[in-house]
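Trainee: Each chain, letter by letter, is given below.
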Amino acid sequence: MQTVAIVDFSFGNLRSVHNALHNLAGPDVDIRIATEPSVIEQADRVVFPGQGAARHCMLALRQKGLADVVLRAARDRPFLGICMGMQVLMEYSEENDGVDCLGLFSGKVRAFAPHVERGSGFKIPHMGWSRIEQISHPLWENIPDRSRFYFVHSYYTTPRDEKTIAGRTDYVLPFASVIAKDRVFAMQSHPEKSGEYGLTLLRNFLHWDGQC
Amino acid sequence: MGLAKRIIPCLDVDDGRVVKGVKFVDIRDAGDPVEIARRYDQEGADEITFLDITASHHNRDTTVHMVEAVAEQVFIPLTVGGGIRTVENIRTLLCAGADKVGINTAAVTNPEFVREASGTVGNQCIVVAIDAKRVNAPDAPPRWDIFTHGGRKDTGIDALEWAKKMEAYGAGEILLTSMDRDGTREGFDLELTRAMSDAVGIPVIASGGVGTLQHLVDGVTEGGADAVLAASIFHFQEYTIGEAKQHMQQNGIEVRL
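Protein sequences, first through last, are from chains Y and H.
Note that the first sequence covers residues 1 to 212 in the numbering used here.
Note that the second sequence covers residues 213 to 469 in the numbering used here.
These are computed hints drawn from the structure, not numbers from a lab.
These numbers come from a predicted model, not from an experiment.
Errors might be hidden in some of the hints.
[Claimed, not checked] The following residues of chain H were derived to be distant from chain Y, with all beta-carbon distances above 12 Å:
| # | residue |
| --- | --- |
| 1 | Pro-323 |
| 2 | Arg-364 |
| 3 | Gly-423 |
[As the list claims (entries may be wrong)] Residues from chain H that face chain Y, not an exhaustive set, calculated with beta carbons under 8 Å:
| # | residue |
| --- | --- |
| 4 | Ile-288 |
| 5 | Pro-289 |
| 6 | Leu-306 |
| 7 | Gly-309 |
| 8 | Arg-355 |
| 9 | Glu-403 |
| 10 | Arg-406 |
| 11 | Ala-407 |
| 12 | Asp-410 |
| 13 | Gly-413 |
| 14 | Asp-438 |
| 15 | Ile-465 |
Note that CB positions come from ideal geometry on N, CA and C, so glycine has one too.
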């Protein structure tokens, strides 16, 4: 029996992540929505989704005593960040007048808004299906390059180390829509809402040994 | 620009069942929301919107169970609108597996509700639905007012000004329905759609009046819509969503195929 912990730290649609993983996993996989540090500590894999504002998310992580647990999990087990669960892995976010984040990846999270002119046709949030240009990683297996995934966000990630970029998307400007290093793979888009290819990615994650 | 224009089929739901005639030849139960949603997903729908037309409080629980059932099997974004009045209503639907909720009358009655809702669950979950109707004299500059009660009651509120206010209050998206065109199959009110799309910086979903595939194209190219919503042309299998996307692509619109 292996266990997958879905970290519950913000207000978000965790049920869809749970449903998708539950649909894909065999009977020998126990998928748990986890608010307790101990559940995360004991899990074989960790999924780290998130929605809402950066300040609120970071506050919730610290108040619930999850920040250190999440960082430890990200260092030694297969770890999948989704949406805000990707952004808070960076050092700092511009959202809410500036928020210090977990700092697992060097670089910042920036706002699209200053780059968008009214009438340019670009709407914020970036909402809908955009292509991801893949950079070689085991979690892309069986997913055609430049497949579309579902995005909803107003801030984008700018990792300092080019080598940590595992996927790029162009909206307003080209940005790193997927980052990865060691056992961590984190994406801005929502695999649990991205139809067939999103499910393929989640299935790949359930079978990933954490090696690149 | 890399972002696909979205096609969104809309389903009316009463007491947890899809109503208003879905007539797919190859589905067993035309009222089963799970079966219908799965079918639209397979055809390539980019999202699915459920409009809850249930009147009674008791039956709203049924809607929540319906959302749970659909979200267990369909992995594209789901929006639920109709009768949402409290943050608790929103939480319940999001926890059941909805990704966004549509707020209409409650926003008009109490605009602060939109601020409270988006502050709690995030802008990305809040779709403000606007039912707009043209009210200007034929020779006067265009003006659309917000109507409530199914298009019968003029609030006297200018639809474009209202949308800007809702954006400032934290709406993540506008679902714009032309009450002049809804049900006519004459196409979107393109002037309204364009005016709205230019007025706000958040995505606009055009709705009301689709009768042909060309109407979907016009909504994007002339109306500037980010997404197009339709009901009857898909329900009766006049066109599949795949055909709609092919037609849009042939007309130079970026879609997810």
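Trainee: Does the structure break any of the earlier hints, and which numbers would those be?
Mentor: 8, 9, 10, 11 and 15
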